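If you read the protein sequences in the order shown, they are chains A and B.
For the first sequence, the positions run 1 to 494 when this note's numbering is used.
For the second sequence, the positions run 1 to 436 when this note's numbering is used.
Derived by calculation from the structure, the hints in this document are not laboratory data.
Treat each hint with caution, since some may be false.
[As the list claims (entries may be wrong)] One side only, chain B facing chain A, incomplete, derived with CB under 10 Å:
| # | residue |
| --- | --- |
| 1 | Pro18 |
| 2 | Ile20 |
| 3 | Val196 |
| 4 | Thr197 |
| 5 | Ile224 |
| 6 | His228 |
| 7 | Arg231 |
| 8 | Cys266 |
| 9 | Pro307 |
| 10 | Asp308 |
| 11 | Gly369 |
| 12 | Ala410 |
| 13 | Trp414 |
| 14 | Leu432 |
[Claimed, not checked] Lysine-lysine pairs mimicking DSBU-like chemistry, simulated, CA-CA at most 30 Å apart:
| # | chain 1 | residue 1 | chain 2 | residue 2 |
| --- | --- | --- | --- | --- |
| 15 | A | Lys149 | B | Lys415 |
| 16 | A | Lys159 | B | Lys190 |
| 17 | B | Lys190 | A | Lys149 |
| 18 | B | Lys133 | A | Lys159 |
| 19 | B | Lys303 | A | Lys159 |
| 20 | B | Lys260 | A | Lys195 |
| 21 | A | Lys359 | B | Lys217 |
| 22 | A | Lys370 | B | Lys217 |
| 23 | B | Lys133 | B | Lys77 |
[Stated by the list, open to error] Derived coverage of chain A by chain B (criterion: at least 3 residues anywhere in the stretch with Cβ under 8 Å from a Cβ of chain B; other residues may be distant):
| # | region |
| --- | --- |
| 24 | 7-14 |
| 25 | 75-89 |
| 26 | 137-146 |
| 27 | 166-179 |
| 28 | 392-398 |
Source: prediction; values computed, not measured.
By construction, the Cβ of each residue, glycine as well, lies at the ideal position given by its N, Cα and C atoms.
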Amino acid sequence: MTHSLEAAENSINLNRFVIEPVSRVEGHGKVTLLVDDNNQVQQCRLHIAEFRGFERFIQGRPYWEIPILVQRLCGICPVSHHIAAGKAIDMISGVTELTETAYKLRLLLHYGQTLQSHALHFFHLCSPDLLFGFESDITSRNIIGVIEKYPELAMQGVKLRKYGQEVIRVICGKRIHGTGCIPGGMNKPLSYEDKNYLLADIEQIIAWAECAVKTARDCYLANEPFHKNFAGLRSNYLSLVGADGELDLYHGKLRLKDSSGNLLFDQQDYCDYQNLIQEEVKSWTYMKFPFIKAMGKESGWYRTGPLARINNCDYIPTPLAEIARQEFVAYGGKEPVHSTLAYHWARMIEVLFSAEKIKQLLGDPMITGKELIVQGKRRSEGIGVVEAPRGTLFHHYQVGEDDLITKANLIVATTHNNTALNESIRTVCSEQINGREISEAVLNNIEVAIRAYDPCLSCATHAIGKMPLKVEMRRLQSGELISQLSKDSDGTLR
Amino acid sequence: MVMSKQSKTFTIDGREIPFIEGETVMQAAIKANIYIPHLCFNPEFTPNGSCKLCTCDINGRKKSSCCTLAQQDMQVKNETRELTVMRRTLVQMLFVEGNHYCPFCERSGNCQLQALAYDLGVTDLHFPQFNAKRNVDASHPDLMLDLNRCIFCELCIRASREVDKKDIFTIAGRSINKRLAINSKSGHLKDTTMKVTDKSAHICPVGCIIIKGEGFKTPIGQRIYDQHSIRDVGNLRPDSLIKAKSQMQAAEPELQPKKKLKLATCSLAGCFGCHMSFLDMDERIIELLERVELSRSPLNDIKSCAPDCDLGLIEGGVCNTENITVLRQFRACCKIIIAVGSCAINGGVPSLRNNIDVKDCLDEAYLNGIGVVNPKIPIDKELPYLLEKVYPIHEVIKVDYFLPGCPPPADAFWKILNDLLDGKEPELPYDLLHFD
């Protein structure tokens with residue numbers, strides 16, 4: 001553990017380095033390093049410095065609007081928010097069970113988005129690091145470089161993502177920020193034309209997904225001793241699992257494993273999340289730090305997302321992905337796989353799982369059914385949880401008698417990984433950066449560690465924040481300060 | 001034979017229009033299948049003349065065609081560039097006066113204000129937002145009033161008075177405090193005799209009077225104005241599809257066709273959805289990259305804008321001082337700046353916080369949040385100062401073009417970028433112009 005790097009003992013006389021913005025991730029974040037004259041990192045932090053604000057301003061909006069509104073948290077995984085909020089408003093409208101068709105359409109939508117989000121992350125954003133090297137030339141260390149050097153691989157990535165986006169489009173009417181979930185169901189059946197359109201390419205998609213698993217695995221194993229320990233952590237793992245312990249991204253109950261793979265809890269109803277999870281606030285970032293209440297904030301942190309899910313589940317209910325999972329688990333031996341870079345491998349196993357699920361769903365005659373909505377007796381509270389591409393996503397709403405939201409709480413997937421993200425980059429500082437001259441290439445190691453988690457910093461910036469421009473705040477500052485602008489009382493910006 | 005009443009005529013844009021004594025210009029135009037833009041006019045009710053969108057040039061003077069009686073040999077001009085510009089401005093003023101968030105409004109796609117904006121080719125709002133404080137009244141079991149979206153057309157007032165005989169609605173207050181008020185002791189809709197079957201529940205041209213339980217049931221693509229422009233729906237003039245054109249009088253792009261252009265992109269207070277929609281060009285990205293060189297962008301590791309960029313695409317609104325710094329750098333480095341998506345153009349969903357008290361916001365997230373330990377408000381020198389409000393980028397820098405949508409469709413990116421690459425003035429056809 002490298003907690004010591006969270007705060008330097010004395011920040012005076014340290015050199016400040018900043019990675020801003022952290023690139024090839026979704027959203028806005030920055031990393032600051034305080035480094036002494038011997039190039040030893042004394043402090044390292046990932047800051048979430050951008051704010052929009054949802055939990056407060058959705059208060060007073062009607063509950064049926066929420067899935068459409070809150071998906072605008074994030075343009076990469078809007079469907080996760082749409083579905084999590086959709087599940088919560090199902091509960092508010094008193095519906096515990098959807099029609100078979102509506103349920104399967106939701107599954108199809110969710111697996112379509114998992115496919116596109118994972119493909120985007122691996123191919124468009126991360127593959128340059130893995131294919132060219134962490135400290136390779138900046139000018140080609142991007143998707144354009146990959147297109148030039150590995151055109152076939154790049155094209156497979158582009159088309160995998162496209163397929164997932166098309167699944168979303170046929171269900172929601174748009175690829176990004178469409179409409180689908182309404183209280184108690186869905187607003188449109190899947191047409192036969194659209195089903196056949198998607199079926200036409202599914203075998204090719206599954207074949208490419210298998211290639212993606214191989215690519216991620218081979219990249220990882222090619223330099224296994226280095227990759228195994230890079231940004232390495234031993235952690236707990238939290239995810240939903242199905243009733244039988246199987247991998248399920250749409251619905252299930254919470255399971256927590258410790259770093260040795262022992263079950264700390266299992267089959268916990270997510271509606272009890274308030275008794276399981278708390279969040280700590282730290283002054284230097286707007287992203288909170290969740291932890292398991294019973295374990296306390298020092299040891300109760302955990303990781304979520306593909307690595308957690310593949311480590312946690314007992315099996316994957318599709319054949320090819322299950323074979324891939326067994327290989328992954330065999331690599332870990334008796335323990336969960338802890339390597340941060342193994343996230344990529346786990347993520348591609350989920351791409352394969354999603355592709356196989358999509359095929360299953362498209363082959364199901366109920367998928368084109370017309371019964372889409374159920375009604376129930378209105379309740380005042382709803383909680384919806386899904387496994388979003390980046391991890392477990394919680395949406396919780398309370399509603400007044402007039403149907404308007406009175407309270408909202410969101411714990412987004414990336415937030416769960418906040419402690420792990422910070423710990424990982426501190427490990428990189430200790431093991432890769434200390435003693436070296438700081439350069440762009442050296443700093444990219446930190447970004448490589450961040451990217452492994454596929455953090456969605458857009459999602460992470462949802463928390464309300466609006467710091468008033470007050471002079472006192474400046475007096476608190478010591479050390480270097482980036483030049484800032486201020487806002488006059490008349491609104492003039494200077 | 002006596003001259004029949006029908007033989008009286010006047011002209012609209014040179015076309016001879018018959019009318020009956022006592023008819024207004026609007027009534028005669030509708031009978032002749034000529035579309036004059038309007039929002040507050042509805043043939044079932046007494047004309048109000050409040051929205052002014054039907055203003056025409058009538059014998060050389062600007063008059064509301066819904067309130068002007070047709071007269072023999074009157075000369076009316078309806079389709080002129082001058083009137084289109086004025087009507088666009090009126091629509092922009094209606095948008096900034098209220099709080100119109102098309103991206104999550106359940107009336108989007110079926111909204112006449114939005115449809116008119118599409119028809120007139122409105123791509124930006126030009127004016128600063130009023131951020132008026134308006135209420136939502138959801139007290140009625142079947143109906144909701146979202147006053148944020150009221151445009152004061154008074155159709156509900158007239159419907160309630162003239163048809164329902166209930167007089168439930170009225171206008172109260174002045175200036176920015178002007179509002180649709182309810183005629184009941186409590187001021188709430190639940191304490192009136194209003195029923196969901198009333199005419200006034202089915203008259204609102206925008207998303208102010210909402211029937212509960214209907215939201216988002218019509219899928220995208222099947223809404224009225226997804227398929228037809230507002231002027232086509234009534235079959236008024238099937239041949240008249242106005243092309244959307246950028247509002248800003250941008251300098252002629254000093255671009256050489258065929259030259260590789262330097263493109264920079266960034267996201268301020270946004271969700272990255274616009275960048276994702278950019279990537280939704282799919283395989284066409286590869287084609288585009290043959291003509292474009294990428295400078296600073298979240299898609300690569302270049303962290304600052306090259307000083308000689310040709311194009312800058314900005315997603316997101318301006319919520320903190322860092323956004324301002326980045327935005328000004330982009331303006332200094334890029335010959336052309338395009339505001340991309342709702343947030344950049346009018347603040348978008350994040351600007352919902354513009355009407356909420358600062359302390360309220362901070363407390364909700366960091367002090368009163370569910371399951372929060374160590375409650376405190378983050379303050380650190382590494383965290384940029386937040387602004388009082390979320391601003392559209394045109395309130396901070398000059399913007400050359402606007403690409404609306406939440407997000408704009410990939411085809412719209414493709415169209416606009418290719419227009420610019422070919423040295424043409426960018427234009428969006430109707431089917432690529434969306435506010436949601």
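Item checked: Pair hint outcome, Lys303 of chain B versus Lys159 of chain A [Cα-Cα no greater than 30 Å] -> With Cα atoms ~28 Å apart, Lys303 of chain B and Lys159 of chain A stay inside 30 Å; holds.
Notebook entry, point to check: Do the alpha carbons of Lys190 of chain B and Lys149 of chain A lie within 30 Å of each other, as the hint requires?
Noted result: Answer violated: Lys190 of chain B to Lys149 of chain A is near 66 Å, above 30 Å.
Checklist line | Cys266 of chain B as chain A interface residue, shortest Cβ-Cβ below 10 Å | finding: holds (8 Å)
Check: Measuring from the C-beta of Thr197 of chain B to each C-beta in chain A, is the shortest one below 10 Å?
Finding: violated (20 Å)
Checklist line | Given pair status - Lys415 of chain B, Lys149 of chain A, alpha carbons within 30 Å | finding: Holds, at about 28 Å.
Notebook entry, point to check: Going by Cβ atoms only, is Val196 of chain B closer than 10 Å to chain A?
Noted result: Violated, because the Cβ-Cβ distance from Val196 of chain B to chain A comes to roughly 14 Å (cut-off 10 Å).
Note to self: Please check whether Trp414 of chain B passes as an interface residue: C-beta within 10 Å of a C-beta belonging to chain A.
What the structure shows: violated (14 Å)
Item checked: Outcome, coverage hint (the region 392-398 of chain A, chain B; C-beta under 8 Å; three residues) -> With 1 residues close enough to chain B, the hint is violated.
Note to self: Next pair to validate is Lys159 of chain A with Lys190 of chain B; report whether the Cα-Cα distance is within 30 Å.
What the structure shows: violated (53 Å)
Check: Is Lys133 of chain B close enough to Lys77 of chain B, meaning Cα to Cα at most 30 Å?
Finding: Given that 30 Å is the threshold and the Cα spacing comes to 38 Å, the pair is violated.
Checklist line | Per-residue hint verdict: Leu432 of chain B, partner chain A, C-beta under 10 Å | finding: violated (13 Å)
Note to self: Next item in the hint list is Ile224 of chain B. Is there a CB on chain A closer than 10 Å to its CB?
What the structure shows: violated (14 Å)
Checked against the numbered hints listed earlier, the structure breaks hints 1, 2, 3, 4, 5, 6, 7, 9, 10, 13, 14, 16, 17, 18, 20, 23, 24 and 28; every other hint is satisfied.
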